[in-house]
Structure formats: C-alpha cells, structure tokens
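Protein sequence lines correspond, in order, to chains D and Y.
Numbering that gives the first Met the number 0 puts the first residue of the first sequence at 0, with every later residue one more than the last.
Numbering that gives the first Met the number 0 puts the first residue of the second sequence at 0, with every later residue one more than the last.
Think of the hints as simulated: they come from the structure by calculation, not from any bench.
Mixed in with the good hints there might be a few duds.
Same chains, same label: a pair holds when it works inside one copy or across any pair of copies.
In silico lysine to aspartate or glutamate, DMTMM-like type, Cα no more than 25 Å apart, as pairs [stated by the list, open to error]:
1. K229 to D25
2. K229 to E41
3. K229 to D80
4. K229 to E120
5. K229 to E138
6. K229 to D65
7. K229 to D26
8. K229 to D156
9. K229 to D99
10. K229 to E10
11. K229 to E139
12. K229 to E167
13. K229 to D162
14. K229 to E87
2 protein chains.
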Amino acid sequence: MTYCLGILTREGLVLGSDSRTNAGYDDVTVCRKMHQFVTPGERAFILLCSGSLSLSQSVLTLLDRDFQRGAGLAVAATMYDAARVVGEQVRHVSALDRRDLERDGYRYNVHIILGGQIRGEPHRLYLVYPQGNPLSAAEESPYLQIGESKYGRPILDRGISYDQTTLEEAAKYALISLDSTMRSNVTVGPPIDLAVYVADEFRITRHRRFGPLDPDLTAVRVQWEQTLRKGVRDLPTVRFGGE
Amino acid sequence: MTYCLGILTREGLVLGSDSRTNAGYDDVTVCRKMHQFVTPGERAFILLCSGSLSLSQSVLTLLDRDFQRGAGLAVAATMYDAARVVGEQVRHVSALDRRDLERDGYRYNVHIILGGQIRGEPHRLYLVYPQGNPLSAAEESPYLQIGESKYGRPILDRGISYDQTTLEEAAKYALISLDSTMRSNVTVGPPIDLAVYVADEFRITRHRRFGPLDPDLTAVRVQWEQTLRKGVRDLPTVRFGGE
Chain D
0 MTYCLGILTR EGLVLGSDSR TNAGYDDVTV CRKMHQFVTP GERAFILLCS GSLSLSQSVL
60 TLLDRDFQRG AGLAVAATMY DAARVVGEQV RHVSALDRRD LERDGYRYNV HIILGGQIRG
120 EPHRLYLVYP QGNPLSAAEE SPYLQIGESK YGRPILDRGI SYDQTTLEEA AKYALISLDS
180 TMRSNVTVGP PIDLAVYVAD EFRITRHRRF GPLDPDLTAV RVQWEQTLRK GVRDLPTVRF
240 GGE
Chain Y
0 MTYCLGILTR EGLVLGSDSR TNAGYDDVTV CRKMHQFVTP GERAFILLCS GSLSLSQSVL
60 TLLDRDFQRG AGLAVAATMY DAARVVGEQV RHVSALDRRD LERDGYRYNV HIILGGQIRG
120 EPHRLYLVYP QGNPLSAAEE SPYLQIGESK YGRPILDRGI SYDQTTLEEA AKYALISLDS
180 TMRSNVTVGP PIDLAVYVAD EFRITRHRRF GPLDPDLTAV RVQWEQTLRK GVRDLPTVRF
240 GGE
C-alpha cells in the first residue's frame, strides 16, 4: 500500500509520500515514491506514485527518457499539458502491460500526483488516473490524495485552506496526515519524503526525508498526541439524559 | 454507508452510531442503528448494526422475538454466549436470504457490535461477522468499529487506553470519531446515538441522540477544530535541508 498527498495553497505546493511497498504480506520493501523533474529557473515538477511499483517505474522511466532529450515534461507549455504528458505515458504503459495483467486477474493500477510550475504559468496540482485523464486541485478542494487516503483525511478537511494556510503550516498538516496513516495501517511506512515548492521559485529548495527514528518526526508525533489528548480532556463533558 | 463504534474500558462501555442509510445515491433515509435489550438489574445489551438494513432488521426482529419470550439474549449465561446467540440469528437470516441476494450480485453483508454485561460476569464488547463468528475487544485492542471505519480511527489510536481512559473521555473520543467521519463522508450522517454503559449497573442510564443542529455537538465540533488548528500552529516548524 501507499499514501501520498499534495496540497495546493496560494503560496505554493506541499507534497508528501511514504516509502513502503509490498507484493503480498511477506514481501515488503522500501521504495521512493517522490520524483523530481527540474529545469532550474524555468520549470519544476514533483511526481508522487501509488499502485503497482512495476507500472509506476515504467511510467517514470519513459517520462525521464523524454525529459533528458528535451521532450515531454521538458517542453510542456502549461501544467495542464504536463498532466497530459504524464497521462500519455500512463496510457503507453497500459498498452504495453494491461492485457497480460488482466489475464492473470490483476488490475492496471497506477495513480500519479503531479505538482509544479512552468515559468509564465501559475503553480498547479493534478491527479492522473490509471486511464490517463487528469484531475486538478482547486481553491475549494485544495488537496489531492492517492493510495490509503482515508486515515489521513480528517485532519486535512479540518485545517487546509487555499487562501489561509501558509506553506509552513501545510507542511505540518502533511506530516501529521502521513504519520496518522502510518500509525493506523502497517502497509504505509517510513521513510517519509516531504517537499515544499514555493511559487515562482522554479526549483525545489525544500526537501526532507524522515526516517523511522527521525528525532524531529518523533517530537512532532509526541507533541501532536499530547495536543489531541489534552484537547479531548478540555472538551465539555457530554451531557446525557436518562432513557 | 454506516459508521458505528464500541469502546471497552475498565469502567464500562461507550457505543456510538450514525443514522444514515442509503440504497443507492438517491435513496437516503434516517434509521436508528443502536438497539437495547435490557432486563434491569440483571443484564443489559446494546447492539449496533451495519450492512444491509433489510438484513440487520431481520436479525434484530428475531433476537427481539426470542428476548420477549425469555429465550436467546434473555437467558445467555455469558457475554460470549450472547455473542453466539447474535451469530446464530445472523446465520439464520443468511439461510433465509443469502442465496437470493448472491444470485443478483449482492453480498450478504451484516456486521453487528454487541456490548453489555450479565450479572456475575464482566462487561464485554464483541463484533459479530456476517458469517456469525464473534470477535472480542481486549485490553490491548479496546475498541471495535464497523462500516466506514478509517476516517474515525486515528483519533482512537492516539487516545484510547483500556486502563487509563475514563468513560467521560471515551464518550468524547466516540463523538469526535463519529463527527470526523460525517465530515469526510456524506454517506455517514446524523443523528448520532451515543450510549454509555457503566460496569455493574445492568441498565442503560446514559443515552443521547444528537441531531444535526444539536448545540452541544456544534460546540464540540467548533472547539475541536480550533484545538487542531492551534495544535498544528504550535508544532515546531519543519526544518528542510536543500536538495
């Protein structure tokens, strides 16, 4: 399983991912799910992947091959075009692998979050479905999730606002959302990759990988748990009538 | 959809349920999912149901018929026996309906949480599966959920302890868990039924139904959201290295 999320605010983007991948319960490994494509000063993209690792690897390999030779993401004119470039490779790999997967009862499963910015265009956040079609985040729905998304969603629903949430705060929300999911589902696990893209920077200057014993992550986890427990204690006592 | 939960602590039990039921997106109604069977001073049971309303209604009708004539839950010697009584009716309804449901592509889907106590026995909490087999909550895993369980789970994982959580606190955790789920999934909805069973009381003295505009529920929701937002602001700023 996997959990990745992207948050879109007026100031920029926050993207986060776990690193656990498993083929069955007894075949669990660590794998990076966050990838960057950057032409400094001109364009910067971050991709997050969930689904079959074999399929997302193929999509990334093809995207990288095109990028290195100055095609695909290297020349997309808008973020919408970039999302379409990703969708084209999702469809390309579908053409290569889907039939043989489905014959043996596997679904063609690859979801990709794409965040970034191209000079002259606003920063944007997209989700590309296994069918290749793109969905955009919006001011009213400023975050996107893929994989095991439910455990980490309530904190985002309560806190994230496109207009009011700062990038510093959004990074904390992403970290808590990821940590809560790891706590409730063992198939989502560390390290956590967290990246912040500041609008109009056209490079990724803030990235961090949190291992399972990272002292900063541990401090956040402990403080957050204390906050929740104290918050519950401080709520008014529930009043009951008899029955 | 449905969300119900039961919490087991040293002091007693807390049970909570939403009230939304839907047969398709355009057929949504309100339905009580919490039911009591009580012989005051001797035994008290609370049942919570998820799954097909038609099936859980049948199970409850058969349990009530037996209870009224002094059989079934009225005479079960232990909570384990009571869970087996519920499981027998789940299997009885399966024998009546499963074949015709599956012929038309429906699953036989009914999950039941059973909490309560019989004089001379400890209070216990069970989950009865659609196959009729019972699972018990334990000191190390002191809560059980049925239905749309993921959104409301992280707060329980962070806060509930069999030994240390008071019934007053457990009631607040249940309310927050239910409210967070309603916020993130529109197929889970009010009113919320919340009941507290105090060990060795052998009657249900604390029950409350919270409608969508209940001022106490609204106050809890507002205060909780403020707690979360302030809690995130107060976390240490995430430090990033460059990349």
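These are the hints, each one checked on the structure:
1. K229 to D25: Neither: 38 Å inside a copy, 41 Å across copies.
2. K229 to E41: Neither: 47 Å inside a chain and 37 Å across chains, both beyond 25 Å.
3. K229 to D80: neither (47 Å within a copy, 39 Å between copies)
4. K229 to E120: neither (44 Å within a copy, 34 Å between copies)
5. K229 to E138: Classified as between: cross-chain Cα gap 22 Å, same-chain 32 Å, threshold 25 Å.
6. K229 to D65: This pair counts as neither: shortest intra-copy Cα distance 52 Å, inter-copy 45 Å.
7. K229 to D26: neither (39 Å within a copy, 40 Å between copies)
8. K229 to D156: The answer is both: 21 Å in one copy and 15 Å across copies each meet 25 Å.
9. K229 to D99: neither (53 Å within a copy, 51 Å between copies)
10. K229 to E10: Between. Shortest inter-copy distance 20 Å satisfies the 25 Å Cα cut-off; intra-copy 32 Å does not.
11. K229 to E139: Between copies only: 22 Å across, 31 Å inside.
12. K229 to E167: Both, since 24 Å and 14 Å are each at most 25 Å.
13. K229 to D162: between (29 Å within a copy, 17 Å between copies)
14. K229 to E87: This pair counts as neither: shortest intra-copy Cα distance 49 Å, inter-copy 43 Å.
Taken one by one, the earlier hints fail for this structure at numbers 1, 2, 3, 4, 6, 7, 9 and 14, listed in ascending order.
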